[in-house]
Amino acid sequence: MKRTLPLIIVFSCGFFMIIAFFVPLRGFQDVSQTFQNWYTGVIAFFVFIGIFNLVKVNLDKIQRRLRDWQYSIILLAFLSMMMAAGFIGGREGGIFLYMFENLQIPLGATMFSLLAFFVGSAAFRAFRARTPEATLLLVAAVLVMIGRVPVGYWIWHGFPSLVEWIMNVPNTAAKRGILFGADLGLISMALRVLLGIERSYMGGGKE
Amino acid sequence: MLQVFGIWIAALLTLAIYSFLYKDNPFYKIAEHIFVGVSAGYWAVILWFDFTWPNLFEPLIREGNFIYVMPIIVGLMMFAPLIPKINWLIRIPLTFTMGVAMATVITQRVQGDIIPQLHATFLPLSGVSPPALLSNLLIIIGVVATLVYFYFSKEHKGILGVGAKLGIWFMMVAFGASFGYTVMARISLLIGRVYFLLHNWLHVI
Amino acid sequence: MNILDRIAELDRRIIFLLIGLAVTIPLLMPIGLPVDITKPVKDVYDKVESLPKGSIVVVSVDYDPGSEAELYPATEAFLEHCFRKDLRVYMIGLWPAGPALGNLALDSIAPHYNKVYGIDYVNVGYKPGGMIMLLSLGRNVGDIVRADYAGTPIDSLPLGRAVKSASDMDLVMTLSAGDPGVLHWIIYFKARYGTPIATATTAIMAPQQYPYLSSGQLVGLLGGLKGAAEYETLVRRKARAVAGMDSQSIVHVLIVIFIIIGNIILVYQRRVR
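In the order they appear, the protein sequences are chains A, B and C. Numbers given in our numbering equal positions in the first sequence, counted from 1, plus 2. Numbers given in our numbering equal positions in the second sequence, counted from 1, plus 104. Residue 100 in our numbering is what sits at position 116 of the third sequence, and the numbering runs on without skipping anything.
You can take every hint at face value.
Capping the alpha-carbon separation at 35 Å, the derived lysine-lysine pairs in DSBU-like fashion look like this:
hint	chain 1	residue 1	chain 2	residue 2
1	C	69	C	99
2	B	127	A	63
3	B	189	A	58
4	B	269	C	23
5	A	58	B	127
6	B	133	A	58
Keep in mind that the hints were calculated from the coordinates and are not lab data.
Same shape as in the complex, but just chain A (with noise of 0.2 Å):
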């Protein structure tokens, strides 16, 4: 019953949707709509549970006294504050949304900016052509890089269209084969979740 009801579910509510793709009878389309919009609906407990668990670790991180335990006292404190003044405020609350601009959007903005200094970093020390296939890589790179910006089109007029050609052919011509093996890729593996054989996504456990 514990696996057997989950896995039930997984096949007809799957087949059922495959099955009102192809079929435009009303009744069909109704009840294939009416998954789609509780499937909205239950997404959004997945992002409550997340939050809950996010608040239960570092609740138990502050209790057992671990390692860093002070931040998590920072996280608490702020995540409270910021729901506070959400659910007291509203969303288009004074509170709220100056802890948005002046919080949430500067350091989401700074936090990955920090990266533009480790590419620099990694140019310097880490790409090097010490294979052909590498070689081309890089040099591949070296064009794009120059070509995408004004310095190439000052450099030579001509930059900007040969990058164009770049993505147009051979970068398309790459990406639409990982394309195709992605969603082929994708494909099987979909469809051994719907038929019972890939289960790992349901958890563990004996039952």
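Knowing the structure of chain A, use the given hints to seat chains B and C on it.
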């Protein structure tokens, strides 16, 4: 006044994150944890107001539309692991969403991706200018060669080996292009932050 | 230890400093390098130009603050173009922070064109569910959108009432930083409903969009900050993206120099061995 204070907070937090470049330190860790807390709190509020309340709970509570009970009950089963006896109930929302999603993948990936891309690969090899002919030929050869490379059921020898080698060459050009764009992306993010510090905070540009 | 050995051992913090300077100095002292226009960007511009007055453009803000530097300038430039052409903007988001960022852009641009919320533009907020949500949206918008960003019932807004399904949408512009994003709009929305899709993506995602440009599944593409700068140039709005192009150029040259130096060191070290 409040706006100026906000900009100063944003600038100081930006510098706290950048202090990591010198070495890991408490300022960076504090800023990092503030970010995670604020982001998680934000997501919870937005999800509730933008979707969960108007689409699930409001129709149920205010309009008495009981069809919305099902997704709410199934969604609440995500919290089942909190009670060990009914731990297994979490499989129901997982399998329901996987069933719907996988069925959609199977049908739409073929209709929306494979067929249009296959169609776009059948390029004309006559009645086109020589440069276009060369480009079309290269695209067809490149797609086939890349697929040959990923065929691992047979050893890459002979004609298959040549195809696979050609596939590698095409992929190296594509990965090089991707790498160039990745560098561009990372630098753009840094430009954005420096622009903020110079324009919004220090007012020097 | 000769000079190449010393350079090979260079403290990475010096490299960080050089990159920081290469970004900062051109912002303080602009060079003014001209921004060339590429076909994928021009195609987006031409598509918007071809839309008659009053057409409905769905602007899907599918990014978060991590990609704000690349995509926010594109958001503002695109909205400027839409409002100048008197197109109606229906904003939605597949990412939680997207609609809030989109709202900042709307608040910045809409007043300059005397656009009225609810009539000329509307923001319906974040909708979870990715591909499945898009399938429902295209079939019946009312299944997904019941209220706008501020909680106002969507049917009380004229533009909200005007968009019932995909057939009411003349163009979708997705500003996309990952998943869910442009791929979902193409594979699940356009394939089912046929609505033209244009996109602005982060530079990392741009190379993956070329197969879709070539197949006609995408109208056009604004790739990264450069794409945003090109669009700003086309709509004659020289703002943040164009301002950043000098820095972008200089840093790219610096990184190419780093790569060349690194490979000179490689050749030298091989010879020594």
